[in-house]
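J.: Fit chain B to the known structure of chain A by using the hints.
There are 2 protein chains.
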Amino acid sequence: MQFHHHGYVSTDPRVQPAAGIGLDRPEHLPDEVDVLIVGTGPAGMITAAQLAQFPDVNVRIIERRPERLAIGQADGIQARSVETFQAFGFAEAITAEAYWITEMAFWSPDAADPARIVKTSSPLDDPAGISEFKHLIVNQARVLDHFAAAALNAPGRVRPDYGWEFQSLEVDDHGEFPVVVQLLGTAHEQEGRQRTIRAKYVVGADGARSGVRRSIGCTLTGQSANHAWGVMDVLAVTDFPDIRTKCAIQSASGGNILLIPREGGYLFRMYVDLGEVSEGSDGAVRTTPIEEIIRKANDIIAPYTLDVKHVAWSSVYEVGHRITDRFDDVLPEDRGSRTPRVFITGDACHTHSAKAGQGMNVSMQDGFNIGWKLGHVLDGRAPESLLDTYSGERQVVAQNLIDFDKEWSTLMAKPASEFENPQAVSDFYTATAEFPAGFMTQYEPSQIVGDASHQELATGFPIGKRFKSARVARVADTNPLHLGHRHTADGRYRLYVFADAATPAEASATRALADWLETSPESPIAVHTPAGRDSSALLDVTVIYQQGHHDVVMNDVPDAFKPIVGPFRLVNLENVFATLPDDDIFDVRGISRAGAIVVVRPDQYVAAVLPLTATTELAAYFRGALLPAAP
Amino acid sequence: MQFHHHGYVSTDPRVQPAAGIGLDRPEHLPDEVDVLIVGTGPAGMITAAQLAQFPDVNVRIIERRPERLAIGQADGIQARSVETFQAFGFAEAITAEAYWITEMAFWSPDAADPARIVKTSSPLDDPAGISEFKHLIVNQARVLDHFAAAALNAPGRVRPDYGWEFQSLEVDDHGEFPVVVQLLGTAHEQEGRQRTIRAKYVVGADGARSGVRRSIGCTLTGQSANHAWGVMDVLAVTDFPDIRTKCAIQSASGGNILLIPREGGYLFRMYVDLGEVSEGSDGAVRTTPIEEIIRKANDIIAPYTLDVKHVAWSSVYEVGHRITDRFDDVLPEDRGSRTPRVFITGDACHTHSAKAGQGMNVSMQDGFNIGWKLGHVLDGRAPESLLDTYSGERQVVAQNLIDFDKEWSTLMAKPASEFENPQAVSDFYTATAEFPAGFMTQYEPSQIVGDASHQELATGFPIGKRFKSARVARVADTNPLHLGHRHTADGRYRLYVFADAATPAEASATRALADWLETSPESPIAVHTPAGRDSSALLDVTVIYQQGHHDVVMNDVPDAFKPIVGPFRLVNLENVFATLPDDDIFDVRGISRAGAIVVVRPDQYVAAVLPLTATTELAAYFRGALLPAAP
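Read top to bottom, the protein sequences are chains A and B.
Position one of the first sequence corresponds to residue 2 (the numbering used here), numbered consecutively onward.
Position one of the second sequence corresponds to residue 2 (the numbering used here), numbered consecutively onward.
Derived from the structure by calculation, the hints contain no laboratory data.
Careful: at least some of the hints might be erroneous.
Copies of one chain are not kept apart here, so a pair can be met inside one copy or by any two copies together.
To be verified - Below 16 Å or equal to it, Euclidean Cα-Cα: the simulated EDC-like pairs (lysine to aspartate or glutamate) are:
| id | residue 1 | residue 2 |
| --- | --- | --- |
| 1 | 563 | 575 |
| 2 | 563 | 162 |
| 3 | 201 | 380 |
Here chain A stands alone, though its shape is the one from the complex (with noise of 0.2 Å):
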């Protein structure tokens, strides 16, 4: 966390300085936005969020509750979203009172006697390390309260406008305001005040039943529902050994259980397979009682029982997998030939089952993914040709978990009986590990990810997948750090160097690279960075080196690894890093000792893996990807 540059800070260092529409807020909304976010569940939320680091971006995100979420109905939160709470500054906090899924373990009925259940196996939740962050359980409505923290607390001052709910939209294609909404006031003073809205831009982030997906011609295609669950937040006493772990559980009399602990230590959560429901049913399972879920409940974990004593929430749902063909207005004609005005995220696009604990997860990357790129179309910095990458990135993705979740959610509803392979959960979970945890994302190339001609010079860094943090010393301090970590959720591009094997001192392709950063008109400092910004302003250059702190000598560094900041003119000496010598970097990430450049997109995917000669393809990545500052 840098601070006191910009003079001393006394109170919370999280409270950024406000800036821009941050410094004045209107306290309603505004007739004319830039963005009109319409939802405040965790996709609109991390939009907000991300949004709010562009204080000269006004937006606004409506909800049509007239307050903050009680409880919500998600609570998985895979180590990629906790890795996204990193760059929004929760993730220790939310990890401090969330349940950590350590083990899963796996329950079937006894060989020797079917009635009873037993454990079969008990694997760890993520025995290769795919991530430094944890696999959580907490409620969806504490994820909102910090994300709502973050955006409050960034530049520009974002918090929700609540009693508000989206009516329908029309897109305009004339006017600094082409997208016209129409809202009706559900509470507070505005209760049943129709209210026109125009906007740059709407993202409509307003679930499964969303008015904007409708608005713009969008529908939800798929498998419909025909198999159905309770679900319960309860607490209880048991004598299930395994209450606080997260377990599949199989019963011989038919029906399964999923069991998710949940925080703080008592309440838990249970899928309770209630079977198949005949088409036509219209829906009659929805009315189960919670005293048939609980029953059912108890076959399913006998010989165990199950005395409930709170009910803190419970549902019936049955399960669909549904998918929208595109996340944007564009029709699939007119793309290329215009932009998109208004977009759609998380449940408004992709529909299925909990099972899995993904909804929020692709949700809040959905929300993250579009977040960056409207704040950079609209303070500037980048072509609107930007816009047209949200809509491609994301329905592959959301493809991919549908077809994921249909495999487990169908294992989990398979009666025991019918597995060859009593260990067949257990090993698909264990096989397929990297994708629920959030990791198995990869972008293709287009204006903003490069291709892989240059991938050997950095194997743990895939192009189009998420930069996997690695630990390296920073020289000033000699603190050995993550090295993603650095990457908050600013807006800014990552450009690392990974330096050759010469000291800073000695003429080297580093050298050589960070003059033609520091120096060059070509230079992508030079050719993006507005007038009176500092050169940090929108690109974060960082250097690796080789050698361990105590032999990179920060007077040797060259001047554009060390950049200068703020009004007092003030040297940042904290990009500077070294390798620490029981966990060299470039050997676990698989960097040539040649050295390599990376570049990181501001929502952590790698962009780019070139040479570090390679400055005309450097700066044809950032002429793609960003707009020459004016002059």
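T.: Positioned in the frame of chain A, the structure of chain B alone reads:
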């Protein structure tokens, strides 16, 4: 963090449910209070935060200033303090915003050219792994903010009463509120107003010029000041290569600097040697202008230079070492015949140099010590004699601090030319690391500290020293955790039962102890737990089995280790632990394979080590520390 067991908690679980006085705490200072704390510095604030965990205690904390401290003088946070912050719930949050000392560098005149300084060594700050917590630098104002949040979020909902100055007090040893305190309003609507407040107890945390100390007839005695230092918190541009590393710099020209990098990546503090001050100079040195301090600093760091861009704070002071002979209002001749009513803490008791970064840390341990003792006495669970242990325990610590700091500050002020061994300062720093880290405190046997007759059963938990955490596996959720980090500042004693080698199901000394704890009328749970409270309300009983977590069957674990809690009578399964295969706490902490009981005080100090069979001694310990509950 445990929650939801009293019903679903939708909002931040760090905000504990209000109780007692916290349900309707008066906004304004009442005429009668249980505890009046004078001063909102580190000692006062930790006392308030601790007492806020006792919601039946009416505690108020007054402060002469009209509002929170904007910038404080102290900034060194030893690992013991971070451990303490963990108990109050904010170790991670403050660590994230602080500077972390990994190494310290020592600079001395170059033998070849004494006009130039060179680095002579850079030892690790904690090479021996004294603590799993970091050594931090962060401004005192932020420490106070975090304690203020902890006090406000605790059941007692304590918040400071700003704008009241202590004038005097008298102890009128009659009636329920025997301490009569005169206050003067200094701000807000009470400005200029005199008030008389009656209190059961007063804690003076009012600094080096303490009025409370004066009122109880204590005086600071010791060495008067004779060496002056300028101190400045500045933003600067410099070519001194270690500007972001803690450094002791000795110059040949005479004069030394202690350099303390500060939080945020740019700010740093320098203590600049201003030399000996002659007797009778009457503080003339204190008018030394900041320009002179900066010039002197430039002289010392030659050939490097320092261009100060902004001075956030600066001061000049003379080092003295002074201490009071008692920390309460009981004269030596009265000790034993009456118990104290007035206590002094922190700088009111001990003043010394800032060089070792100890003041704030020792002050907080003063406050932690008196806080829980007042809580125990006032809520009726402990005898008044407990309060007699405060002065004795903390006066010894303060004397040790004075002795250490004299040695360190003398070394720091000694010209380089006078050292035979140029590594002398570095060697002293390395050899004494445990003291400034805060872990050398060892309380003597007393009514709350047992003797060492069974110390060999747990050699890694020295009686009288703080419980040094180690890692274990929590059986219920298989999480690897630090055992000691469960010990929050909730005022409870901890009773760790390190099991013998038997499994939970087998007849064993562990089972026999569990049965005795659960069923014997002599059990401390039976004797001391008030009617209607959970069995774990005063005493948190934990078991650590020698087996790995897969070999501990939860249903075999005795009920004494699975306490029933809250209105729904739920089972707390989180007190049952196993060993980690690669980090066995029995080996790491030298615990006998025959098992051991380790009793830990509410302030995390080891109170007793006993065999599993020592039920008589265990009962006797608690009969000394606690009162029997009302029948």
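J.: So which hints don't hold here, by number, going up?
T.: Of the numbered hints given earlier, the structure breaks just one, which is hint 2.
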